[in-house]
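Mind docking chain E on chain H? Use the hints.
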Amino acid sequence: MKLNWMRKQQLTGYLFIAPNMVGVSLFIIIPALFSFFLAFTNWEFPLLKADFVGLSNFKRLIQDEVFYTSLKNTLIFLGSVPVSVGLGFLTALILNKSVYFKNALRTMFFLPYITTGVAIAFVWMLIFQPENGPINSILRSLGIDHPPGWLSSTSSAIFVFDIIWVWFLLGYNVIIYLAALQEVSSELLEASRIDGARKLHTIRFVIWPLVSPTTLFLLMTGFIVSIKQMGIFQAITDGGPGNSTTVLSLFIYKTAFRYYDMGYASAISVFLLLIIIAITAIQWIAQKKWVHYS
Amino acid sequence: MRKLLTTIMMFIFAFVMIYPFLWMISTSFKQPFEVFEYPFQWISDQPTIKYHENVWTGPASFVNYYLNSLKISIISTIGAVFFAAVAAYGFSRIEFKGRDTMFVVYLVAMMIPNQIIFVPKFIMFNAIGIYNTHMALILPGLFTVLGVFMLRQFFIAVPKDISESAMLDGAGHFGIFLRMMLPMAKPSLATFAIIDFSWHWNDFENALIFLLDKELYTVSLGLQNFVLENTVDYNGMMAAATAGMIPMIIVFLIGQKFIVEGLASSAVKG
Chain H
0 MKLNWMRKQQ LTGYLFIAPN MVGVSLFIII PALFSFFLAF TNWEFPLLKA DFVGLSNFKR
60 LIQDEVFYTS LKNTLIFLGS VPVSVGLGFL TALILNKSVY FKNALRTMFF LPYITTGVAI
120 AFVWMLIFQP ENGPINSILR SLGIDHPPGW LSSTSSAIFV FDIIWVWFLL GYNVIIYLAA
180 LQEVSSELLE ASRIDGARKL HTIRFVIWPL VSPTTLFLLM TGFIVSIKQM GIFQAITDGG
240 PGNSTTVLSL FIYKTAFRYY DMGYASAISV FLLLIIIAIT AIQWIAQKKW VHYS
Chain E
0 MRKLLTTIMM FIFAFVMIYP FLWMISTSFK QPFEVFEYPF QWISDQPTIK YHENVWTGPA
60 SFVNYYLNSL KISIISTIGA VFFAAVAAYG FSRIEFKGRD TMFVVYLVAM MIPNQIIFVP
120 KFIMFNAIGI YNTHMALILP GLFTVLGVFM LRQFFIAVPK DISESAMLDG AGHFGIFLRM
180 MLPMAKPSLA TFAIIDFSWH WNDFENALIF LLDKELYTVS LGLQNFVLEN TVDYNGMMAA
240 ATAGMIPMII VFLIGQKFIV EGLASSAVKG
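As you go down the protein sequences, you meet chains H and E in turn. According to numbering that gives the first Met the number 0, the first sequence holds residues 0 to 293 in order. According to numbering that gives the first Met the number 0, the second sequence holds residues 0 to 269 in order.
Looking at chain H on its own, in the form it has when it is part of the complex (with noise of 0.2 Å):
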């Protein structure tokens, strides 16, 4: 009677998690394990064959100038993060205390982060346009008569997708670090201000490790969000002027789908699975050494 119901349970949590375990190995895991496979074989759309090369892949990949232009530029553009989250804590700390109409500004705040999609990046394109657009006309206005060229030169596109990319992520980060500034005790707040510890003293050395964990968090998750996004390169500039723009997720969608080296492309989305992995790995270790837990 016993085993019996004991069969009956392990039974119905496998028809719980059945459903959604099938979909997600055909359409994640099982793809990403092929992929391992075909970053070992010279594979060419829409070839019907292909040879097992080894690890030539990846012998090409540390002599290719456009991985480390790509690569390089990735890390330009995971710049952001940082940018972003420290100025999400700062704007949460002030939105928490010191602002009338807390709840409009949030909303304001926040809008970017769930309406953004290609759309709004050919809004930022326009702004950004360098003879006329909105931002240049306010610089020659301030006086400067050689604003940057933004999109269209080569040392500077990289930027606008940090800059965009900030303000994307920002309510985002403010909401969680909101969310986690509840849980900071205001009586801790209120005894180190009676200590006669200065403000920025009591931000730097009380708030800041209080939330730790939290910036950590949005840390990880901010990097892990960036260096995946692909589509507003795409969008925007496909990569361009020259390969100012390329980063490894847009290197990955163009070696795949517009040479149709399938080899290739599945050994650079390797390459950019293990970032991801270490990116995780320095998380855990990360975890145990600076973040404060109360």
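There's no promise every hint is true.
Claimed, not checked - Quick list of the computed label-pair ranges, beta carbon to beta carbon:
{"no.": "1", "chain 1": "E", "residue 1": "2", "chain 2": "H", "residue 2": "181", "range": "18 to 28 Å"}
{"no.": "2", "chain 1": "E", "residue 1": "2", "chain 2": "H", "residue 2": "11", "range": "54 to 64 Å"}
{"no.": "3", "chain 1": "E", "residue 1": "70", "chain 2": "H", "residue 2": "146", "range": "41 to 51 Å"}
{"no.": "4", "chain 1": "E", "residue 1": "70", "chain 2": "H", "residue 2": "257", "range": "20 to 30 Å"}
{"no.": "5", "chain 1": "E", "residue 1": "37", "chain 2": "H", "residue 2": "200", "range": "39 to 49 Å"}
{"no.": "6", "chain 1": "H", "residue 1": "182", "chain 2": "E", "residue 2": "213", "range": "44 to 54 Å"}
{"no.": "7", "chain 1": "E", "residue 1": "70", "chain 2": "H", "residue 2": "65", "range": "30 to 40 Å"}
{"no.": "8", "chain 1": "E", "residue 1": "248", "chain 2": "H", "residue 2": "100", "range": "11 to 21 Å"}
{"no.": "9", "chain 1": "E", "residue 1": "37", "chain 2": "H", "residue 2": "224", "range": "33 to 43 Å"}
{"no.": "10", "chain 1": "E", "residue 1": "37", "chain 2": "H", "residue 2": "25", "range": "51 to 61 Å"}
{"no.": "11", "chain 1": "H", "residue 1": "239", "chain 2": "E", "residue 2": "46", "range": "34 to 44 Å"}
{"no.": "12", "chain 1": "H", "residue 1": "141", "chain 2": "E", "residue 2": "230", "range": "26 to 36 Å"}
{"no.": "13", "chain 1": "E", "residue 1": "97", "chain 2": "H", "residue 2": "288", "range": "26 to 36 Å"}
Hints are computed from structural coordinates only; laboratory data are not their basis. C-beta atoms are modelled at their ideal positions from N, C-alpha and C, and glycine is treated no differently.
What follows is chain E alone, placed relative to chain H:
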């Protein structure tokens, strides 16, 4: 006084945050020569709804893209919420062998970037004949990893004795799931549904890779196509962008409370 000053400064900052949206809407009602005029005017001297009319009734109408996006987003979201809720119940309320191992598999699956699965999916969809159909977006969209996480968090928080007493009364897991847990989880289901819908609506990458025919395009893809074909029609571009964003702005205004609380609780507690 100091609080008032801070409030004003924060409103200026917040204005910068929503500036692109305001600029977009303003430009969509302007004449071409007014787009880049300086000093900038929010309201055109000769406002026109021509560009908005074109979006809906012109030769490059967005109606079809809209219907495609709605179809894909709605079906995917309903499926994703259902399958995620069922799995989340299994992971949180039923004890069985291998459960935790399987959950680790989910943890790993969360890290996998889209870029690594595009090529195998492309091969698979070609082989089963759904490449260049809406099924190529809907079918994978039915299954999410993150939804399972979010809803599992919620189910874990529901006290065990509630379902245990129902079980003593003879209710099975399916009954408890349908009649007790789902009604209780409504706010969490709504949160996840809104977030999931926004992913599908804003999704550009999958549409770009798996759809070829123009009749099948989603709003994002149609928008890019419009920009490529009309590189200097800035007013038209902004009217189209506004149209593409309307559903998300509506969803945002209705569901903001759900989204904010849902995201915050899953991040801070998780």
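We went through each hint and held it up to the structure:
Here the CB-CB span from residue 2 of chain E to residue 181 of chain H is close to 19 Å, well matched to the stated 18 to 28 Å. Look at residue 2 of chain E against residue 11 of chain H: about 56 Å separates their beta carbons, and that is inside 54 to 64 Å. Taking the beta carbon of each, residue 70 of chain E and residue 146 of chain H are about 44 Å apart, inside 41 to 51 Å as hinted. For the hinted restraint 20 to 30 Å between residue 70 of chain E and residue 257 of chain H, the CB-CB distance of approximately 29 Å keeps it satisfied.
At roughly 45 Å, the beta-carbon separation of residue 37 of chain E and residue 200 of chain H lies within the given 39 to 49 Å, and the hint holds. For residue 182 of chain H and residue 213 of chain E, the hinted distance range of 44 to 54 Å is satisfied, since their beta carbons lie about 51 Å from each other. In this structure the hint that residue 70 of chain E and residue 65 of chain H lie 30 to 40 Å apart at CB holds, the actual value being about 38 Å. Between residue 248 of chain E and residue 100 of chain H the beta carbon distance is about 20 Å. The supplied range of 11 to 21 Å therefore holds.
Taking the beta carbon of each, residue 37 of chain E and residue 224 of chain H are about 36 Å apart, inside 33 to 43 Å as hinted. About 54 Å separates the C-beta atoms of residue 37 of chain E and residue 25 of chain H, a value consistent with the hinted range of 51 to 61 Å. A beta carbon spacing of about 35 Å between residue 239 of chain H and residue 46 of chain E agrees with the range 34 to 44 Å that was offered as a hint. In this structure the hint that residue 141 of chain H and residue 230 of chain E lie 26 to 36 Å apart at CB holds, the actual value being about 29 Å.
About 33 Å separates the C-beta atoms of residue 97 of chain E and residue 288 of chain H, a value consistent with the hinted range of 26 to 36 Å.
In summary, the structure agrees with every hint in the numbered list given earlier.
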